[in-house]
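Number of protein chains: 2
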Amino acid sequence: MRNIKLTIQYDGSRYKGWQKLGNEDNTIQGKIEKVLRELTGEEIELIASGRTDAGVHAYNQIANFHTNSKILNKEILTYCYKYLPSDIVIKSLQEVANDFHSRYLAKKKIYIYKIYNGTFHDVFSRKYSYHVPEQLNIEIMKKAATIFIGKHDFKSFTALKSKKKSTIREIYSIDIVKKDNDIQIALNGNGFLHKMVRIIVGTLIQAGLEKITIEEIIEIMHKKDRSLASDTAPAHGLFLKEIIY
Amino acid sequence: MRNIKLTIQYDGSRYKGWQKLGNEDNTIQGKIEKVLRELTGEEIELIASGRTDAGVHAYNQIANFHTNSKILNKEILTYCYKYLPSDIVIKSLQEVANDFHSRYLAKKKIYIYKIYNGTFHDVFSRKYSYHVPEQLNIEIMKKAATIFIGKHDFKSFTALKSKKKSTIREIYSIDIVKKDNDIQIALNGNGFLHKMVRIIVGTLIQAGLEKITIEEIIEIMHKKDRSLASDTAPAHGLFLKEIIY
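Protein chains in written order, with full-length UniProt numbering: chain A, 1 to 245; chain B, 1 to 245.
Hints listed in this document are in silico derivations from the structure and should not be mistaken for laboratory results. Quantities reported herein were computed from a predicted structural model and do not represent experimental measurements. We put the beta carbon where it would ideally sit given N, CA and C, even for glycine. Heads up, a few of these hints could be off.
Claimed, not checked - Covered, in the sense of this in silico footprint (three residues per stretch, anywhere, with C-beta under 8 Å from a C-beta of chain B), are these stretches of chain A:
id : segment
1  : 1-13
2  : 78-88
3  : 113-127
To be verified - The list that follows gives simulated cross-link-like pairs (lysine to any residue, SDA-like), each with its CA atoms no further than 25 Å apart:
id : chain 1 : residue 1 : chain 2 : residue 2
4  : A       : Lys70     : B       : Val132
5  : A       : Lys163    : A       : His152
6  : B       : Lys163    : B       : Glu219
7  : A       : Lys82     : B       : Lys127
8  : A       : Lys241    : B       : Phe120
9  : B       : Lys223    : B       : Glu210
10 : A       : Lys127    : B       : Val132
11 : A       : Lys241    : B       : Gln184
Stated by the list, open to error - Here are a few chain B residues that face chain A, going by a calculated C-beta distance under 8 Å:
id : residue
12 : Ile4
13 : Thr7
14 : Gln9
15 : Tyr83
16 : Tyr128
My request is simple: use the sequences and hints to build the entire structure.
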């Protein structure tokens, strides 16, 4: 049995997210499994590093699958490139040890959130960047970001409803860079809860607009109540950048 | 009578180009004139620095129009932003002297052509960059570009059919920059004939693929025969960058 690891780039705009939902076809997982099934004649089950929500993009999503097929790696890659829609590309493919697991073995995840901070939106990035027309104060955003660094209970910053699962995660760094009207927020952590990146970014935006203070964010973190935190920033600005094993 | 100058950004993907064609609505000029007509109650005629072909994009197209309307500049801008489709944005607006003419007074034009030179296409730039999968030799492309610098008869490098009009133009510079898989070609000249930028880029690509030599390009230039030059590079990689007055 072979274990094959894929590095996948996708434009999430027209998909309901990574995870296959019943018979529905408009998910990234569904599209790739279909092509692999047609190629190998086997039922393929892709294991990804994690789900991405509807509309979220990926530069380097990682997924693996097991197969008995003897088709050459290069042929799998070429076939996928030919038959996948143009908004999903398998960039590379490697045969890995049988116990490699994309989700369980992921050590760090890096997400990028893009904001366009100009009066009018930019036509070329309008599908890949969140347009905030009011001037954002970057220095305050950077200060607010430090609150999230380290090991914390992110219960106030997730849409996760389960009461059983741990909401403790560690964020290693949040880097905010501004170039002209483009702002990029890079978040590096050992894992992120459901919608956690987008709720943190929503909070940083409120801080940058000076609608919430540093002290208020600290208080929200301590109260562990999602209803207190800011709105979730929209999906189209979010990119899964890298998974580190 | 006021003369108003517009700086316009557009994603040309879904349009038949700048120029209005009879009753057809799917042109950039047609879209903007319609919104200005609704706002002012006047028949507005936009004069652009030049036409862009179907599928070609613009960062800073310049156009002007005359109006008797007394509506404030800021209100015109806000109204256009609200009612234009999201792939056309009027970035700024200025009142100019009555004799300002976007086309006649243009001194220099800068175009950018973008190429993605990776084995597989990039999903995020696929609509804004021409994908060339075979490795391009940038040094040869740079050498080939020098042939076009200066004042030349570009008859071999235009789709222009008229025999009466001059096909002599001057190109001041062609800068080719490669960063990872992205190649940008910036062309700066006093004017460009119909499809001239895309035929020159098509020729530079053939040179980069080593399918045509420097000597052959020089010969094609001398023979003044369009049928000898390379194919026209596709529209979706081309951006009108700047007009200098």
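Verification of the hints:
1. 1-13: This one holds; 3 residues, not fewer than the three required, reach chain B with a Cβ under 8 Å.
2. 78-88: n = 4 at 8 Å, threshold three: holds.
3. 113-127: holds (count 6)
4. Lys70/A with Val132/B: 30 Å, violated
5. Lys163/A with His152/A: Given that 25 Å is the threshold and the Cα spacing comes to 16 Å, the pair holds.
6. Lys163/B with Glu219/B: 21 Å, holds
7. Lys82/A with Lys127/B: It holds: about 18 Å lies between the C-alpha atoms, which stays within 25 Å.
8. Lys241/A with Phe120/B: The given pair, whose Cα atoms are some 18 Å apart, holds under the 25 Å limit.
9. Lys223/B with Glu210/B: 21 Å, holds
10. Lys127/A with Val132/B: Given that 25 Å is the threshold and the Cα spacing comes to 24 Å, the pair holds.
11. Lys241/A with Gln184/B: Distance of about 24 Å is within 25 Å: holds.
12. Ile4: Check failed: Cβ of Ile4/B comes no nearer than 17 Å to chain A, outside 8 Å.
13. Thr7: Constraint on Thr7/B not satisfied, violated at 11 Å.
14. Gln9: Because about 5 Å separates Gln9/B from the closest Cβ in chain A, which is inside the 8 Å limit, the hint holds.
15. Tyr83: 13 Å, violated
16. Tyr128: Holds, about 6 Å.
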